[in-house]
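Enquirer: Given next are the chains, with one letter for each unit.
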Amino acid sequence: MITGRRLELATTRDTEFVDVTTHLQAEVERAGLCNGRLFVQSLHTTLGLLVNENEPLLLGDFEALLEKVAPNGSVYLHDDFARRAEVPEDEPANGHAHCRQIFLSPALTLLVEDGRLLLGRWQSVFAVELDGPRQRRLALQLDGDFAAGRPRPELVELELARQLAVDPMAVQLPMRRLVEAGGKRVRPLLVTLGSRLGSKPDPLRTGTLAAAVELIHAATLVHDDYVDESPTRRGQPTVAAEEGPERAIAVGDFYFAKATRVIAELGDGAVTSTIAEAMEAICRAQMDDVALRGSYPGDRASYLQVVRGKTAALMAAACVSGAQLAGAQPEVVDRLRRYGELLGTAFQMADDVVDYSEASGKPAGQDIRQRTLSLPLIYAHEDHEVGPQIRDLLHGELEDADVRRVAELVKVSGALERVGEEARRLVRAAVGELEGVELNGAGAGFVELAHAAVDRVS
Amino acid sequence: MRPAVDIAERDLESLDAIWSGGLGEAWEAYRDGHADGRVALAAALVETGLELQGLGAHTAPAGELLIGDLCLARASRLLADAGDRELQVAFATAVEKVAAQAAAGEPVSPVRELLRAALAK
Chain A
1 MITGRRLELA TTRDTEFVDV TTHLQAEVER AGLCNGRLFV QSLHTTLGLL
51 VNENEPLLLG DFEALLEKVA PNGSVYLHDD FARRAEVPED EPANGHAHCR
101 QIFLSPALTL LVEDGRLLLG RWQSVFAVEL DGPRQRRLAL QLDGDFAAGR
151 PRPELVELEL ARQLAVDPMA VQLPMRRLVE AGGKRVRPLL VTLGSRLGSK
201 PDPLRTGTLA AAVELIHAAT LVHDDYVDES PTRRGQPTVA AEEGPERAIA
251 VGDFYFAKAT RVIAELGDGA VTSTIAEAME AICRAQMDDV ALRGSYPGDR
301 ASYLQVVRGK TAALMAAACV SGAQLAGAQP EVVDRLRRYG ELLGTAFQMA
351 DDVVDYSEAS GKPAGQDIRQ RTLSLPLIYA HEDHEVGPQI RDLLHGELED
401 ADVRRVAELV KVSGALERVG EEARRLVRAA VGELEGVELN GAGAGFVELA
451 HAAVDRVS
Chain B
1001 MRPAVDIAER DLESLDAIWS GGLGEAWEAY RDGHADGRVA LAAALVETGL
1051 ELQGLGAHTA PAGELLIGDL CLARASRLLA DAGDRELQVA FATAVEKVAA
1101 QAAAGEPVSP VRELLRAALA K
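Protein chains in written order, with the working numbering: chain A, 1 to 458; chain B, 1001 to 1121.
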């Protein structure tokens, strides 16, 4: 049950039929209610509720009927303030409005199925102002099956813990330290959301796939940190830094293989192929990334080529594989692939911006120090004002002071804002890819996840 | 010299350099015992990838780690295309076994034996 929601309205006329259907539908989606009930209640004695057709002439008929039933200007005892006790100074003469309200409902229960208000073709929901204009409030409560509409991160954590618990200690302990140190779990959440778009979602199989996809991501981090010589990740020593490179390589290999096995055991050939293709794309992109460090800081085209493989490929595969496992239609799978690719690219751009903040969990300026492709640096490098200074600094060995100076120049160039806006544009495009797709109540989850991917500080 | 049959251009993309450095020979060895050239290539890629990464033997430099990763990922894709579920599981289990041994500092089982046993099932 979700309680405490309020819908605020500003009416503009004495009598007014305000169609609130789209607002209520938006509340259902925001709450992730898949199947259940929406309770709507007027918090006023001169504001009623009605379900009927939104046709202007008909609304004129209703208004005329209300006027006939309780005419404005007739004599109402309620308006005889001399006979009433404790009348406020601003009390209006509105007996007609109160009388009209008894012909309307003060509250409604609306059914929700598959994430949609269950309304007939001609039905709209109105808040009926009887004594406006005023500020009005409707109270909302939602009850039913929310788990189906919104992913539940705690289930992913449980499944990850379950999968790790059976592994040999030599690999389990380093991986648990990495997994338990945090992470946004974007990929498993995408698997879970994708699974909502199929006709036969199975929470247990989806959870297994979601955790396996997160383990692939974690395995890539273990190897990347060795390649990049990163001392910390998520505020803790990397596996390579803590355990040594030999063990880090073995831990990464173990979890690549384990995830591959777990996914194969699900027995869905399309899912196996999707994940295998993504793993290959990640590895190719990682090699490209290292190769391109010779022409550091590179250009936007090279950056996008690497990001599509390193980050976007697994995000797209997460969406797609979740949907495939649940038997989604091919056209839905294609839309999800594009959503995931756009989201993944936006996510990496946001990551690049976060690298310039203290809250990143990584040493400040790590991308610069490691000569990792980064879009803010590419844009600043191309800037007429700060570009030449950046080029001079990057030309030689980078001391800590040089890294700090490059970071300052990137900040003053406006590149961070430019990349942030580009990421937000991609997120809007990603959400747009899902328009017209039957989202089975998962719409709010896809939208929230997309926005959270770029509006973050770590 | 690349094989003219069984293997698509895409299957060896970015791996030309290691074909003559042991991958080709490993492929021939698995090819002798298995009819499907792509499955044999998957086995050869797993063996070569783990060797490049030095599991249980030495610390691979970053470049070789990445090529090894690509070998393992390519093998997964080939098995997804050409192998059945049991083979996918058996190959992954073999890699898990040697990776766990390496992580624990134990002697690492011979990869070719493990993969041949998987192919023979």
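Hints were generated in silico from the structure; no laboratory data involved.
Wrong hints could be hidden among the right ones.
Unchecked claim - Partial pick of chain B residues on the chain A-facing surface, computed with a CB cut under 8 angstroms:
#	residue
1	L1012
2	A1060
3	R1077
4	R1085
5	A1092
6	A1099
7	A1102
8	A1103
9	A1104
10	P1107
11	S1109
12	L1119
13	A1120
Unchecked claim - List of simulated lysine to aspartate or glutamate pairs, DMTMM-like, C-alpha gap at most 20 angstroms:
#	chain 1	residue 1	chain 2	residue 2
14	B	K1097	A	D167
15	A	K200	A	D145
16	B	K1121	B	E1064
17	B	K1121	A	D167
Stated by the list, open to error - So, partial list: chain B residues that the calculated Cβ filter (under 10 angstroms) puts toward chain A:
#	residue
18	I1007
19	S1014
20	G1037
21	A1062
22	L1072
23	Q1101
Heads up, the beta-carbon is just placed ideally off N, CA and C, and yes, glycines get one too.
Enquirer: Check each numbered hint from earlier against the structure, then list the numbers of those it violates in ascending order.
Expert: Numbers 1, 10, 11, 12, 13, 16, 17, 18, 20, in rising order.
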